[in-house]
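A.B. asks: Below are the chains, spelled out letter by letter.
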Amino acid sequence: MSDMEERDEHVFRLTRRKALKGLALGIGAMALPAKDASASVWESFFQKNFRELNRSERQVILARLEKEYSARYKKPVRVKDTPPIEGALYGYGLDLSRCVGCRRCVYGCVTENNQSRDPQIHWIKVLRLEKERGVDLEHSEQYYNPATVPEEGYFYMPVQCQQCENPPCTKVCPVQATWKEIDGIVVVDYNWCIGCRYCMAACPYGARHFNWKAPGLPAGDMNPETHYLGNRPRPVGVVEKCTFCMQRTRERDGKYPACVEVCPVGARKFGNLLDPASEIRNVIENKRVFILKEDLNTQPKFYYFYSV
Amino acid sequence: MQKVWAFVRGCFLLLRKGSKLYYTWVSALLVLIVIGVVAYANQMYYGLIVTAMRDQVTWGFYISNFTFTVGVAAAAILLVIPAYVYQWKPIKEIAILGELVAVSAIVVCLLFVTVDLGRPDRFWHLIPKIGILNFPQSLLAWDVVVLNTYLVLNFGIAGYMLYSYYYQREPNMKYVFPLLMFSIPAAISIHTVTAFLYNGLAARPFWNASILAPRFLASAFCSGPAGMILMFQIVRKWTNIEIQDKAIFKIAELIAYAMFINLFLLGSELFKEYYSDTIHLAPVKYLYQGLDGHSDLVSFIWTATIFNLTAFFLFLIPQTRENHVTLNIGCVLMFIGVYIEKGMGLVIPGFVPDVLGDFYEYSPTSTEILVSMGIWATGLLVFTLLMRIAVPIMNHDFHVGEDGVKPHIGDQLFLVRKRVVVEEEDIYSP
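Sequence order for the protein chains is H and L. Just so you know, this note's numbering puts 56 at position 56 of the first sequence, and the rest follows in order with no gaps. Just so you know, this note's numbering puts 413 at position 105 of the second sequence, and the rest follows in order with no gaps.
The following block holds chain L by itself, in its conformation from the complex (with noise of 0.2 Å):
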């Protein structure tokens, strides 16, 4: 236990050691937080009234965003199968970040359904024995559970990990392994839960297709690696760390499977309701051409269809995947557009027309924006700390000192552009 306490002090000690661009970066983060926590106190006092949110669509923007970054979350298992399923060497170098990813994904998922909660003072009612959660009737209890352990799966898998190598040990596989294959069908299980949360809903037609659950996973694995690709860039430009092209060609490849997948199950999908021209078909109408009058969303579909169409091609020849240049073109459009498409291109349409066929045309407020902004400030500055922490103890710049308790920090800087050789100084706690 005293070396558990040790580490963490030692994390924090490390925390508070970085280049100017990491305190710049870091106290950005921090404005953006403290801006959307103003508009969150806004909304406190007045209600929900400040969202756009009505009757007629209930959920909008947060629900949206949650059900995007689960997506994202879940994206972590593209690294952990062929890291660890296959032992493919180039990702299981980087596996632990995936799980960092995942951990900060959902950290974002849970302050998304709790800003968007009418009352928050009563969250404990969801915690069983206190509260009363509902389950397995609920989905969304479900969901609180499946979310829940995952965070707490990769959290522990990565600490321990992490924990091990400042100890300058292998960590012990016997333990990590299976938490490791179960973090697999959990992965799964979070975003499958979440488009049943959807899926169930028989009085929402555009919601109510078993095809929900597989587009879910399958533009999971598109978003959340293409996130994960520009970000190793990023990491390995500005930090220490050593990320392998293979690594990077290997996920692009695998997304453009997934992506493939994904526009087929959109184009049967689309082929049902648009061959068959049931009254079901007035949401998808909505969404891809308007409907007496009402388009907002249309430009934004079309954008998004265009965008992973795009990046599909782009990552599925060889030659554009290769290129780093093609290839970023194809993660940021692909991330967008999966963005749109599973964020409020999901969620509106399932609200508009609404259950009476009235139509409430739905586009977020500003302190819905504002409050967004920094929830994903919030999971930016979750996964920085924790980049901060993993990127030197992966380097084997941060471990225990010689005599077994202080830590030894050989990363002063952490964000720096390329691989400026810092002097090696050893920092003791005062």
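Bound conformation, chain H alone (with noise of 0.2 Å):
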């Protein structure tokens, strides 16, 4: 080889070298949010399945999340990854009698949960419903609008997750990204999800929402105390549920899921199922009770109920 053709072949090596570069450089680019964000955007996209990962991968997990989270929305935020109690099976339940129809639940649940404010995504849904047909879904209506509630000749269910002890929604997902935790609670990895909404025409309950655009959701506004399974802010095209505030209700100094303790009038009770002595077990044990959907097997550990 002559020294000419060394030489060119050099230029030419630079010359695509600097091009792959810029190539690089440029996907980067379009593929980065912003910043030098690119260390964090590589390490979640490799990431593996939630329960595939051990203690040590989870706290790597997790500390980013909270950095990355805590500088979005300029304030601490904590992402935990609390365990299921031992011996907790949680049921709630909904008194039909008591439910007047204000959607108090459907905003504080809202608030607690790190829902996306535009557009607007409500895990919970309260159904307008005539006192003459019963519970009839087919003649509900969900954008009731009146002055004052309760409107006379209507009573109201709310809807949620009803937290199947069989889920029709889990088995669907051609990936794992959603099971059902041995607290009963179905939970989804939002890293995990490739947004195909299988599971959203399986659930017979329209318990699923799924994240159509970037969740709008103000610094402002933004709870801070979050669980990874739970009310952490959600990315864009990934499917999002009900938790029973896992945040909350998880916890050893656990509170109430966030829509029973706003519950102005009581209609809402939430409890072990496995503690004979819950509130839950009492609900069960001395009212008379019903599930939604029934003929499904679906087995909803949700019970509705009417106290008068």
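These are calculated hints, taken from the structure and not from any lab test. Any given hint could be a false lead.
[Unchecked claim] Capping the alpha-carbon separation at 20 Å, the derived lysine to aspartate or glutamate pairs in EDC-like fashion look like this:
id : chain 1 : residue 1 : chain 2 : residue 2
1  : L       : K400      : L       : E550
2  : H       : K293      : L       : D585
3  : H       : K67       : H       : D221
4  : L       : K593      : H       : E165
5  : H       : K131      : L       : D666
6  : L       : K437      : H       : D221
7  : H       : K125      : L       : D666
8  : L       : K593      : H       : E138
9  : L       : K437      : H       : E57
10 : L       : K400      : L       : E478
11 : L       : K580      : L       : E561
12 : H       : K80       : H       : E57
13 : H       : K67       : H       : E86
14 : H       : K213      : L       : D429
15 : H       : K293      : L       : D666
Keep in mind that this is a model prediction, so the values were computed, not measured.
Dock the two chains into a complex; use the hints.
C.D. replies: The structure is reproduced here in structure tokens:
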């Protein structure tokens, strides 16, 4: 090879290297959200399914997310991965004779669980039903908007995730991004979900919601006390759902879910189904309860009842 | 291995050669693809909010197109069975075209599923070992498996056969025949699994009917072959390939039987829903009559029903079946009819009314339409390029040259108005 040729090839290589570098930078710049976040972008891209992570891997991820969220929402954000409490199986009771349809639960839930404000995502839907027809979903109305509630001739039925014992949504997921935890809560790994929405087609209660665009969550409204599988901020293109406020209920000094706490008429009951002294067991044993769409054998742990 | 490489290189040489029409056609498809890519980039940037899908109707135009196209792909076996099980010569000559249709259709299917994903960047989660494929629990996982198997199978069979013809020898049927036989249940499986994907959801009474899978298959054996008949005639008119009328009429006859079964099953379904008159009637009513003032799909489904019925009679009566004008009318009617019935007509009523009785009427946005057009164009492009290779090979216009290395390309033009005799000319790679 003559000098000339060698140099030519050298020049060519250099330019090709430059070109490749430029291309990589270009693609990088397109893919990266901002600043020098490149490392965390790749880390989250290659992140494994949450259930396959060991303790230390989880710690790394939680720390990364805390850093990311804290920067984005300009306040210290905590991301927990508190496991289920041993001996707990959560159940929920909803007293239809008390519910007045005020939707405070809907917005209490949004505030607690960092749902998107624009577009609005509601994990709880309150159906207005005609007293004459009873629980007839076909004739229900979700968009009722009177000056005051309750309205004459109607009653109200809030619907949210029923935390089925036999959930149709988890079994259809093609990548096991959603599953039922030991305490009965059905969760989604927002970093593993591919956004196919098959689970939404499978859910008979309309309990799953999709982030059709990047969730609009103003920094001031962001609740910084979060759980990885629960109310941490969600990315675009994934499914989310009610987790019985696991960031509250799974803690040792546990609190009630936000919707239970906010209900002005005490229509909402929550507790451990395995604890004979719990409020929910009391409801089941002493009231006439029913579950929604019993014929589908989903075995909800969400019990509707009439106290009067 | 060297021979395979020489074959592939020859194919690429061949793809570059063609008439003005060939170039125009390919360019037109490329333009549509570029438009589709731009629309998809827009969707990636803003999220699926730019589609008309929402929490009530979570699948729309993309999945409708996907469902329909699975049927088109499955229909290839309507050629494979008469060709290789019954060894019927007129169809055997063109069976390979059916496999190429299947390959192109599966490409379209996979693209439609991909553009529907909220997180296409995480598609690798579906790959076993690297990600987690929830097999055998999720029917979507099954679909991933059978669609890819079917793609590989058809691509392998057609590729091997063309490769053999290129080197001017008969394909070794010892290998091909079992694969061909396996492609029959594989074709049935892609369609059955896709039907089960809907069928298994108790939450959606419109889909939760056992008749769904048989109906899927029956309608697939209408739309796919109808499309193929049209395509065969176009191909026969514009390229050098010979396709006998006998083959076409036989396919048309098979379509008539398939359509009869399809209509019968539809009737059974409608009877059950209307006579029992339970709350599960709502989606059917929404589709056929409109419900509570919501009636977006009514005109479409009746168009489809009338088209399908008309086509059925056109295919049933031998005189109209064997008349090219009425035959082609029948094919067009049936293709459109099944496209509506199996596409939007199947997917959307599953979501309307939604599980809590909410009505959200879906109709696709321009983004969805442009992306879908781009995907269809991609399918046509794949098919055109495959045909560009297959047609000359089948006509002995493209094979290995006398030196056993360089390709002989006899067909320089490919797309020309009926049988212009081209001067044979050996083209060697420079």
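A.B. asks: All the hints need checking, so say for each whether the structure fits it.
C.D. replies: Against the structure, the hints:
{"no.": "1", "hint": "L/K400 <-> L/E550", "in the structure": "12 Å, holds"}
{"no.": "2", "hint": "H/K293 <-> L/D585", "in the structure": "18 Å, holds"}
{"no.": "3", "hint": "H/K67 <-> H/D221", "in the structure": "18 Å, holds"}
{"no.": "4", "hint": "L/K593 <-> H/E165", "in the structure": "33 Å, violated"}
{"no.": "5", "hint": "H/K131 <-> L/D666", "in the structure": "18 Å, holds"}
{"no.": "6", "hint": "L/K437 <-> H/D221", "in the structure": "40 Å, violated"}
{"no.": "7", "hint": "H/K125 <-> L/D666", "in the structure": "11 Å, holds"}
{"no.": "8", "hint": "L/K593 <-> H/E138", "in the structure": "13 Å, holds"}
{"no.": "9", "hint": "L/K437 <-> H/E57", "in the structure": "19 Å, holds"}
{"no.": "10", "hint": "L/K400 <-> L/E478", "in the structure": "14 Å, holds"}
{"no.": "11", "hint": "L/K580 <-> L/E561", "in the structure": "29 Å, violated"}
{"no.": "12", "hint": "H/K80 <-> H/E57", "in the structure": "13 Å, holds"}
{"no.": "13", "hint": "H/K67 <-> H/E86", "in the structure": "30 Å, violated"}
{"no.": "14", "hint": "H/K213 <-> L/D429", "in the structure": "15 Å, holds"}
{"no.": "15", "hint": "H/K293 <-> L/D666", "in the structure": "16 Å, holds"}
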